[in-house]
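K.L.:
Sequence:
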Amino acid sequence: MSTRPLLLVFLRAPVLGKVKTRLAATMGKERALEIYKRLLQHTIEQGAALDVDRQAWYADEIADPEPCAELGYSVYVQAGRDLGDRMKCAFGSGFSAGHGPIIIIGTDLPQLSAALLREAYMALETHDAVIGPANDGGYYLLGLREPCEEVFSGKAWSSDSVYAQTIEDLRQLGRTYHTLPTLIDIDTAEDLKSVEIPGVAR
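Number 696 in our numbering belongs to position 129 of the sequence shown; there are no gaps in the numbering.
It cannot be assumed that every hint is accurate.
Below 35 Å or equal to it, Euclidean Cα-Cα: the simulated DSBU-like pairs (lysine-lysine) are [claimed, not checked]:
(1) Lys-585 <-> Lys-655
(2) Lys-604 <-> Lys-760
(3) Lys-722 <-> Lys-604
(4) Lys-655 <-> Lys-760
(5) Lys-604 <-> Lys-655
(6) Lys-655 <-> Lys-722
(7) Lys-604 <-> Lys-585
(8) Lys-585 <-> Lys-596
(9) Lys-655 <-> Lys-596
(10) Lys-596 <-> Lys-760
(11) Lys-585 <-> Lys-760
(12) Lys-722 <-> Lys-585
(13) Lys-760 <-> Lys-722
(14) Lys-722 <-> Lys-596
Now the in silico label distances, taken between C-beta atoms and shown as ranges [said to hold, decoys possible]:
(15) Thr-743 <-> Ala-616: 26 to 32 Å
(16) Glu-763 <-> Ser-720: 17 to 23 Å
(17) Asp-627 <-> Gly-659: 18 to 24 Å
(18) Leu-638 <-> Arg-738: 32 to 38 Å
(19) Val-644 <-> Ala-616: 33 to 39 Å
(20) Arg-589 <-> Pro-748: 20 to 26 Å
(21) Pro-632 <-> Gly-584: 34 to 40 Å
In case anyone wonders, no lab produced these hints; they're calculated from the structure. Computed from a predicted model, the values in this text were never measured in an experiment. Ideal Cβ positions, reconstructed from N, Cα and C, are used throughout, including at glycine.
Generate the whole structure from the sequences, applying the supplied hints.
P.N.:
Here's what the structure looks like:
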(Lines of atoms letter the chains of each structure in order from A; the text may use other names.)
(Lines give C-alpha, C1' and ligand atoms only; values in the text may rest on other atoms or scores of the structure.)
Protein backbone atom coordinates (compact mmCIF):
# COMPACT_ATOMS: atom_id res chain seq x y z
CA MET A 568 0.00 0.00 0.00
CA SER A 569 1.15 3.55 -0.74
CA THR A 570 -0.42 6.90 0.00
CA ARG A 571 1.91 8.72 -2.37
CA PRO A 572 0.76 10.55 -5.51
CA LEU A 573 0.88 8.38 -8.63
CA LEU A 574 1.70 9.12 -12.27
CA LEU A 575 0.36 6.77 -14.92
CA VAL A 576 1.88 6.79 -18.41
CA PHE A 577 -0.09 5.04 -21.16
CA LEU A 578 2.22 3.97 -23.97
CA ARG A 579 2.97 1.50 -26.73
CA ALA A 580 6.12 -0.49 -27.31
CA PRO A 581 8.22 1.30 -29.96
CA VAL A 582 7.81 -1.30 -32.72
CA LEU A 583 8.19 -0.47 -36.41
CA GLY A 584 4.79 -0.18 -38.06
CA LYS A 585 2.82 -0.25 -34.80
CA VAL A 586 3.24 3.33 -33.58
CA LYS A 587 2.30 6.70 -35.05
CA THR A 588 0.53 5.08 -38.00
CA ARG A 589 -0.94 8.36 -39.24
CA LEU A 590 2.55 9.86 -39.35
CA ALA A 591 3.89 6.72 -41.00
CA ALA A 592 1.35 7.06 -43.80
CA THR A 593 2.98 10.31 -44.92
CA MET A 594 6.54 10.13 -43.53
CA GLY A 595 7.34 6.42 -43.55
CA LYS A 596 7.44 3.85 -40.76
CA GLU A 597 11.09 4.46 -39.84
CA ARG A 598 10.63 8.21 -39.40
CA ALA A 599 7.42 7.68 -37.42
CA LEU A 600 9.20 5.23 -35.12
CA GLU A 601 12.09 7.67 -34.58
CA ILE A 602 9.63 10.40 -33.60
CA TYR A 603 7.71 8.11 -31.27
CA LYS A 604 10.89 6.96 -29.49
CA ARG A 605 11.89 10.56 -28.82
CA LEU A 606 8.41 11.49 -27.59
CA LEU A 607 8.35 8.46 -25.31
CA GLN A 608 11.79 9.23 -23.85
CA HIS A 609 10.84 12.87 -23.31
CA THR A 610 7.63 11.86 -21.52
CA ILE A 611 9.17 9.41 -19.10
CA GLU A 612 12.06 11.76 -18.33
CA GLN A 613 9.66 14.57 -17.40
CA GLY A 614 7.72 12.20 -15.15
CA ALA A 615 10.90 10.91 -13.54
CA ALA A 616 11.75 14.46 -12.40
CA LEU A 617 8.81 14.39 -9.97
CA ASP A 618 8.79 12.95 -6.45
CA VAL A 619 5.82 10.66 -7.11
CA ASP A 620 5.30 6.96 -7.70
CA ARG A 621 5.33 6.13 -11.40
CA GLN A 622 3.74 3.39 -13.49
CA ALA A 623 4.10 2.65 -17.22
CA TRP A 624 1.09 0.88 -18.75
CA TYR A 625 1.70 -0.73 -22.16
CA ALA A 626 -1.18 -1.09 -24.59
CA ASP A 627 -0.13 -4.60 -25.60
CA GLU A 628 3.43 -5.96 -25.58
CA ILE A 629 6.09 -4.61 -23.23
CA ALA A 630 9.06 -3.00 -24.96
CA ASP A 631 12.32 -4.94 -25.27
CA PRO A 632 14.54 -3.34 -24.15
CA GLU A 633 12.19 -1.66 -21.70
CA PRO A 634 13.09 2.04 -21.09
CA CYS A 635 10.82 2.94 -18.18
CA ALA A 636 11.93 0.71 -15.30
CA GLU A 637 15.39 2.27 -15.09
CA LEU A 638 13.70 5.63 -14.47
CA GLY A 639 11.72 4.27 -11.54
CA TYR A 640 8.53 3.17 -13.27
CA SER A 641 6.71 -0.03 -12.41
CA VAL A 642 5.65 -1.70 -15.65
CA TYR A 643 2.22 -3.18 -16.46
CA VAL A 644 0.05 -4.20 -19.40
CA GLN A 645 -3.30 -2.47 -19.90
CA ALA A 646 -6.54 -4.43 -19.58
CA GLY A 647 -9.98 -3.45 -20.89
CA ARG A 648 -12.21 -3.28 -23.94
CA ASP A 649 -11.51 0.32 -24.95
CA LEU A 650 -9.37 3.27 -23.86
CA GLY A 651 -11.88 4.39 -21.24
CA ASP A 652 -12.07 0.92 -19.72
CA ARG A 653 -8.28 0.66 -19.69
CA MET A 654 -7.88 4.01 -17.94
CA LYS A 655 -10.58 3.08 -15.43
CA CYS A 656 -8.71 -0.13 -14.62
CA ALA A 657 -5.38 1.65 -14.18
CA PHE A 658 -6.89 4.36 -11.96
CA GLY A 659 -8.82 1.73 -10.01
CA SER A 660 -5.66 -0.27 -9.40
CA GLY A 661 -3.89 2.83 -8.12
CA PHE A 662 -6.67 3.97 -5.82
CA SER A 663 -7.14 0.43 -4.48
CA ALA A 664 -3.45 0.38 -3.57
CA GLY A 665 -3.89 3.59 -1.57
CA HIS A 666 -2.38 6.04 -4.05
CA GLY A 667 -3.70 9.52 -4.49
CA PRO A 668 -4.01 11.82 -6.23
CA ILE A 669 -3.52 10.04 -9.57
CA ILE A 670 -2.65 11.61 -12.93
CA ILE A 671 -2.54 9.92 -16.33
CA ILE A 672 -0.71 11.13 -19.44
CA GLY A 673 0.05 9.86 -22.92
CA THR A 674 3.30 10.01 -24.90
CA ASP A 675 2.54 12.35 -27.80
CA LEU A 676 3.42 15.66 -26.17
CA PRO A 677 6.73 17.43 -26.86
CA GLN A 678 5.44 20.45 -24.89
CA LEU A 679 4.92 18.40 -21.73
CA SER A 680 7.18 19.45 -18.87
CA ALA A 681 7.88 18.50 -15.29
CA ALA A 682 6.70 21.99 -14.31
CA LEU A 683 3.34 21.39 -15.96
CA LEU A 684 2.99 18.05 -14.18
CA ARG A 685 3.77 19.75 -10.87
CA GLU A 686 1.08 22.34 -11.62
CA ALA A 687 -1.37 19.50 -12.18
CA TYR A 688 -0.58 17.87 -8.84
CA MET A 689 -0.81 21.22 -7.06
CA ALA A 690 -4.22 21.81 -8.64
CA LEU A 691 -5.44 18.55 -7.12
CA GLU A 692 -4.75 19.93 -3.65
CA THR A 693 -7.76 22.24 -4.09
CA HIS A 694 -9.77 20.64 -6.94
CA ASP A 695 -11.37 17.25 -7.51
CA ALA A 696 -9.90 16.94 -11.00
CA VAL A 697 -7.39 18.46 -13.39
CA ILE A 698 -7.50 18.17 -17.16
CA GLY A 699 -5.21 19.21 -19.99
CA PRO A 700 -6.99 19.79 -23.30
CA ALA A 701 -5.25 18.76 -26.53
CA ASN A 702 -5.51 20.60 -29.83
CA ASP A 703 -7.47 17.71 -31.37
CA GLY A 704 -10.42 17.89 -28.97
CA GLY A 705 -9.17 15.19 -26.64
CA TYR A 706 -7.08 15.57 -23.51
CA TYR A 707 -3.43 14.84 -22.83
CA LEU A 708 -3.71 14.68 -19.04
CA LEU A 709 -6.40 13.76 -16.56
CA GLY A 710 -5.96 13.82 -12.81
CA LEU A 711 -8.31 12.77 -10.02
CA ARG A 712 -8.12 13.29 -6.29
CA GLU A 713 -10.47 10.37 -5.66
CA PRO A 714 -12.23 7.74 -7.82
CA CYS A 715 -14.64 9.03 -10.47
CA GLU A 716 -15.40 6.15 -12.84
CA GLU A 717 -18.08 8.09 -14.71
CA VAL A 718 -15.48 10.07 -16.68
CA PHE A 719 -14.27 6.87 -18.35
CA SER A 720 -17.54 5.80 -19.93
CA GLY A 721 -19.86 7.06 -22.65
CA LYS A 722 -17.13 8.63 -24.77
CA ALA A 723 -16.35 8.41 -28.47
CA TRP A 724 -12.65 7.78 -27.79
CA SER A 725 -10.14 9.27 -30.25
CA SER A 726 -12.78 11.77 -31.38
CA ASP A 727 -12.79 15.57 -31.07
CA SER A 728 -15.53 15.47 -28.42
CA VAL A 729 -13.69 13.67 -25.61
CA TYR A 730 -12.52 16.78 -23.74
CA ALA A 731 -15.93 18.48 -23.92
CA GLN A 732 -17.72 15.31 -22.82
CA THR A 733 -15.37 14.85 -19.87
CA ILE A 734 -15.85 18.45 -18.72
CA GLU A 735 -19.62 17.96 -18.94
CA ASP A 736 -19.34 14.81 -16.82
CA LEU A 737 -17.39 16.67 -14.13
CA ARG A 738 -19.95 19.49 -14.11
CA GLN A 739 -22.90 17.11 -13.91
CA LEU A 740 -21.25 15.29 -11.01
CA GLY A 741 -20.51 18.55 -9.18
CA ARG A 742 -16.76 17.94 -9.26
CA THR A 743 -14.44 20.94 -9.24
CA TYR A 744 -11.68 20.97 -11.87
CA HIS A 745 -8.65 22.93 -13.00
CA THR A 746 -7.83 23.31 -16.69
CA LEU A 747 -4.23 23.28 -17.91
CA PRO A 748 -2.98 25.00 -21.09
CA THR A 749 -3.91 23.42 -24.41
CA LEU A 750 -1.02 21.43 -25.90
CA ILE A 751 -0.41 19.94 -29.33
CA ASP A 752 -0.83 16.17 -29.52
CA ILE A 753 1.44 14.83 -32.26
CA ASP A 754 -0.62 12.68 -34.62
CA THR A 755 -0.02 14.10 -38.09
CA ALA A 756 2.69 15.76 -40.16
CA GLU A 757 0.76 19.02 -39.77
CA ASP A 758 1.13 18.81 -35.98
CA LEU A 759 4.90 18.56 -36.38
CA LYS A 760 5.04 21.96 -38.05
CA SER A 761 3.89 23.68 -34.86
CA VAL A 762 6.27 22.26 -32.25
CA GLU A 763 9.81 20.99 -31.86
CA ILE A 764 10.51 17.47 -30.66
CA PRO A 765 13.66 17.10 -28.52
CA GLY A 766 16.33 15.28 -30.51
CA VAL A 767 14.38 15.20 -33.79
CA ALA A 768 15.27 17.40 -36.75
CA ARG A 769 12.35 18.81 -38.71
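K.L.:
If a hint holds in the structure, say so; if it doesn't, say that too.
P.N.:
Here is how each hint holds up against the structure:
no.	hint	verdict
1	Lys-585 <-> Lys-655	24 Å, holds
2	Lys-604 <-> Lys-760	18 Å, holds
3	Lys-722 <-> Lys-604	28 Å, holds
4	Lys-655 <-> Lys-760	33 Å, holds
5	Lys-604 <-> Lys-655	26 Å, holds
6	Lys-655 <-> Lys-722	13 Å, holds
7	Lys-604 <-> Lys-585	12 Å, holds
8	Lys-585 <-> Lys-596	9 Å, holds
9	Lys-655 <-> Lys-596	31 Å, holds
10	Lys-596 <-> Lys-760	18 Å, holds
11	Lys-585 <-> Lys-760	23 Å, holds
12	Lys-722 <-> Lys-585	24 Å, holds
13	Lys-760 <-> Lys-722	29 Å, holds
14	Lys-722 <-> Lys-596	30 Å, holds
15	Thr-743 <-> Ala-616: 26 to 32 Å	27 Å, holds
16	Glu-763 <-> Ser-720: 17 to 23 Å	36 Å, violated
17	Asp-627 <-> Gly-659: 18 to 24 Å	20 Å, holds
18	Leu-638 <-> Arg-738: 32 to 38 Å	36 Å, holds
19	Val-644 <-> Ala-616: 33 to 39 Å	25 Å, violated
20	Arg-589 <-> Pro-748: 20 to 26 Å	24 Å, holds
21	Pro-632 <-> Gly-584: 34 to 40 Å	19 Å, violated
Comparing the model with each earlier hint shows violations of hints 16, 19, 21; every other hint is respected.
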